[in-house]
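Asker: What follows is each chain in one-letter form.
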Amino acid sequence: MSVTNAEYKKMTEKASPPSKKIKNCVWAFCVGGFICSLGQALRTLFEYLGLSETEVAAAVSVSLIFIAAVLTGLKVFDKIARYAGAGTLVPITGFANAVVSPAIEFRQEGHIVGIGARMFGIAGPVIVFGTIASVLYGLILWIFRLV
Amino acid sequence: MPKRIGRYTLRLENSPAILSYAAVAGKKEGLGPLGYEFDKIYEDTTAGESSWEKAESLMLRDALSRAIEKSGYTPGSINYVFAGDLLNQGIASTYGLRDLGIPFFGLYGACSNMSLSMTLASVYVESGAASLAACATSSHFCAAERQFRFPLEYGGQRTPTAQWTVTGAGALVLAEDGPGPFITRTTGGRIVDKGVRDMTNMGAAMAPAAADTIKNFFDDTGASPNDYDMILTGDLGLVGSRLLNELLKQEKLDIGERHRDCGILIFDCENQDVESGGSGCGCSAGVLCTHILNLLRDGGLSKILFCATGALMSPTSSQQGDSIPCIAHLVEICANRPQ
Numbered sequence: 067m068s069v070t071n072a073e074y075k076k077m078t079e080k081a082s083p084p085s086k087k088i089k090n091c092v093w094a095f096c097v098g099g100f101i102c103s104l105g106q107a108l109r110t111l112f113e114y115l116g117l118s119e120t121e122v123a124a125a126v127s128v129s130l131i132f133i134a135a136v137l138t139g140l141k142v143f144d145k146i147a148r149y150a151g152a153g154t155l156v157p158i159t160g161f162a163n164a165v166v167s168p169a170i171e172f173r174q175e176g177h178i179v180g181i182g183a184r185m186f187g188i189a190g191p192v193i194v195f196g197t198i199a200s201v202l203y204g205l206i207l208w209i210f211r212l213v
Numbered sequence: 003m004p005k006r007i008g009r010y011t012l013r014l015e016n017s018p019a020i021l022s023y024a025a026v027a028g029k030k031e032g033l034g035p036l037g038y039e040f041d042k043i044y045e046d047t048t049a050g051e052s053s054w055e056k057a058e059s060l061m062l063r064d065a066l067s068r069a070i071e072k073s074g075y076t077p078g079s080i081n082y083v084f085a086g087d088l089l090n091q092g093i094a095s096t097y098g099l100r101d102l103g104i105p106f107f108g109l110y111g112a113c114s115n116m117s118l119s120m121t122l123a124s125v126y127v128e129s130g131a132a133s134l135a136a137c138a139t140s141s142h143f144c145a146a147e148r149q150f151r152f153p154l155e156y157g158g159q160r161t162p163t164a165q166w167t168v169t170g171a172g173a174l175v176l177a178e179d180g181p182g183p184f185i186t187r188t189t190g191g192r193i194v195d196k197g198v199r200d201m202t203n204m205g206a207a208m209a210p211a212a213a214d215t216i217k218n219f220f221d222d223t224g225a226s227p228n229d230y231d232m233i234l235t236g237d238l239g240l241v242g243s244r245l246l247n248e249l250l251k252q253e254k255l256d257i258g259e260r261h262r263d264c265g266i267l268i269f270d271c272e273n274q275d276v277e278s279g280g281s282g283c284g285c286s287a288g289v290l291c292t293h294i295l296n297l298l299r300d301g302g303l304s305k306i307l308f309c310a311t312g313a314l315m316s317p318t319s320s321q322q323g324d325s326i327p328c329i330a331h332l333v334e335i336c337a338n339r340p341q
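Chains A and B are the protein sequences, given in the same order. The opening position of the first sequence corresponds to residue 67 in the working numbering, with each subsequent residue numbered one higher. The opening position of the second sequence corresponds to residue 3 in the working numbering, with each subsequent residue numbered one higher.
So that you can see chain A by itself, here it is in the shape it has in the complex:
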């Protein structure tokens, strides 16, 4: 084949249809916005029920995680996410799905080497780098308070 890798890269880019960015953004905005509104509605509800500030924050997260986990188990979440994209991925729902979906998938390999070992295969990096980031921010905050 006489074509060089660089030439072929250009040919590939030309032949490959791009992702529908505007459509994806609109979907992500609407679904992501809906999830955030749902979170706000839950917050108002829990405040009305008399939960304290910290309890409300935890209860909202737990509720959204629960809903996302159940929808993943019912094989509905991935169908919504195919259209919603970042709309379901970015909120805490995406994190719940990333933990529950491998847990379901790898149960065939048993509870220990299947569910236990593979459950955090996708979410693991989020936890690792999330923890590192929070340590760094804590450090920055501590330095500013010293000054």
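I should point out that these hints are in silico values taken from the structure, not numbers from a laboratory. Incorrect hints may appear among the rest.
[Stated by the list, open to error] No farther apart than 20 angstroms at their CA atoms in a straight line, the calculated lysine to aspartate or glutamate pairs in the EDC-like style are these:
id, chain 1, residue 1, chain 2, residue 2
1, A, K80, B, E248
2, A, K86, B, D200
3, A, K75, B, E272
4, A, K76, B, D46
5, A, K87, B, E277
6, B, K305, B, D229
7, A, K80, B, E277
8, A, K141, B, D200
9, B, K254, A, E73
10, A, K89, B, E272
11, A, K145, B, E277
12, A, K75, B, D231
13, A, K89, B, E277
14, A, K145, B, D200
15, A, K86, B, D275
16, A, K145, B, D324
17, A, K141, B, E45
18, B, K5, B, E178
19, B, K217, A, E73
20, A, K76, B, E248
21, A, K76, B, D324
22, A, K141, B, D195
23, A, K75, B, D200
24, A, K87, B, D200
25, A, K80, B, D195
26, B, K251, A, E79
27, A, K86, B, E277
28, A, K145, B, E178
29, A, K86, B, E272
30, A, K89, B, D46
31, A, K145, B, E253
32, A, K141, B, E272
33, A, K87, B, D300
34, A, K76, B, E253
35, A, K75, B, D195
36, A, K75, B, D324
37, B, K56, A, E175
38, A, K76, B, D200
39, A, K80, B, D200
40, B, K251, A, E73
Please build the complex by placing chain B on the supplied structure of chain A, with the hints as guidance.
Answerer: Same frame as chain A, now just chain B:
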């Protein structure tokens, strides 16, 4: 005996006959344009088994058993089976075939397995090393997704260049003599890597390998695309097919209207949500062992080139940032034995 022509091609003077063939598929493939031609459609993704891997093994065994049954022989009369699949260590083939007791050659050519197995089996039959040899291959959407990509229920978006791994299996039996169609020439493929790294654009990665093998075949034989009713590639999909045509035009070969791709034929790409088309070993095997061989048998086609394509990366090589080496093997299939 096989006779070498040029650097890459073998002419099979006795032209081994495709005695029988069969293919089975999953529900989505059953709803596709070729669905009615499959020997069996499995409505359930696990086919009643406890895992997708076991389901794939079952499908491979089923396709081969049906092909052998149609040939009028029993598994005990088959000299060798050449088989492979996409799963690690080829477990769909090994577990699927372990109870049949046929001497087994396990192959890995990724999605090129069907033409790879036919290339090897036809030489065995041609040379007299086997009087009956079988070829089989399979793939399963769910088993492939979890090995190569994400869990099934993970909420990700598919890119427009992505392809859908076919759930299904195809098998055929080759004999020294029979009603045909006949395998007349084969061209072994080289590993071709044009630097594509995108695992969601396999058609683009594989197109240069298909172009290379097709060009080598025409260079070796002096034949022209006009001599064929169809030049059938394995699973390039819409994107890869476009690129194959362009690459061959640069080499002064116009396959244009004669070109068909199993990945485009097996699904209704516009309405079945498969983006660029189908892929997987079961894609080319399924289309060949139903629609195409039926057409060759019924007189709808008289001479074709079948060139299945495979991407030879692994999840490990991709995670390490390596590009995707690809391969394509070609077999010439004729409805009638050349005089």
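Asker: K89(A) and E272(B) were given as a pair; does the straight-line alpha-carbon distance stay at or below 20 angstroms?
Answerer: It holds: about 18 angstroms lies between the C-alpha atoms, which stays within 20 angstroms.
Asker: Measure nothing beyond the straight line between the CA atoms of K80(A) and D195(B); if it is 20 angstroms or shorter, mark the hint as holding.
Answerer: Measuring from Cα to Cα gives roughly 19 angstroms; hence the hint holds.
Asker: When you check the alpha-carbon spacing of K86(A) and D275(B), does it fall within 20 angstroms?
Answerer: Answer holds: K86(A) to D275(B) is near 14 angstroms, not above 20 angstroms.
Asker: Given the hint that K305(B) pairs with D229(B), test it: the Cα-Cα distance must not exceed 20 angstroms.
Answerer: The hint holds at about 8 angstroms.
Asker: Mind checking the alpha carbons of K141(A) and E272(B) for me, to see if they're no more than 20 angstroms apart?
Answerer: violated (23 angstroms)
Asker: Straight-line Cα separation of K86(A) and E277(B) no greater than 20 angstroms?
Answerer: holds (12 angstroms)
Asker: Given the hint that K141(A) pairs with D200(B), does the C-alpha gap stay at or below 20 angstroms?
Answerer: violated (27 angstroms)
Asker: K5(B) and E178(B) were given as a pair; does the straight-line alpha-carbon distance stay at or below 20 angstroms?
Answerer: Satisfied, since the Cα-Cα distance of roughly 16 angstroms is no more than 20 angstroms.
Asker: CA of K75(A) to CA of D231(B), is that 20 angstroms or under?
Answerer: violated (31 angstroms)
Asker: Has the given pair, K217(B) with E73(A), been kept, meaning a C-alpha gap of at most 20 angstroms?
Answerer: The hint holds at about 19 angstroms.
Asker: Is K75(A) close enough to D195(B), meaning Cα to Cα at most 20 angstroms?
Answerer: holds (12 angstroms)
Asker: Mind checking the alpha carbons of K89(A) and D46(B) for me, to see if they're no more than 20 angstroms apart?
Answerer: violated (33 angstroms)
In this structure, the hints that do not hold are numbers 3, 4, 8, 12, 14, 16, 22, 28, 30, 31, 32, 33, in rising order.
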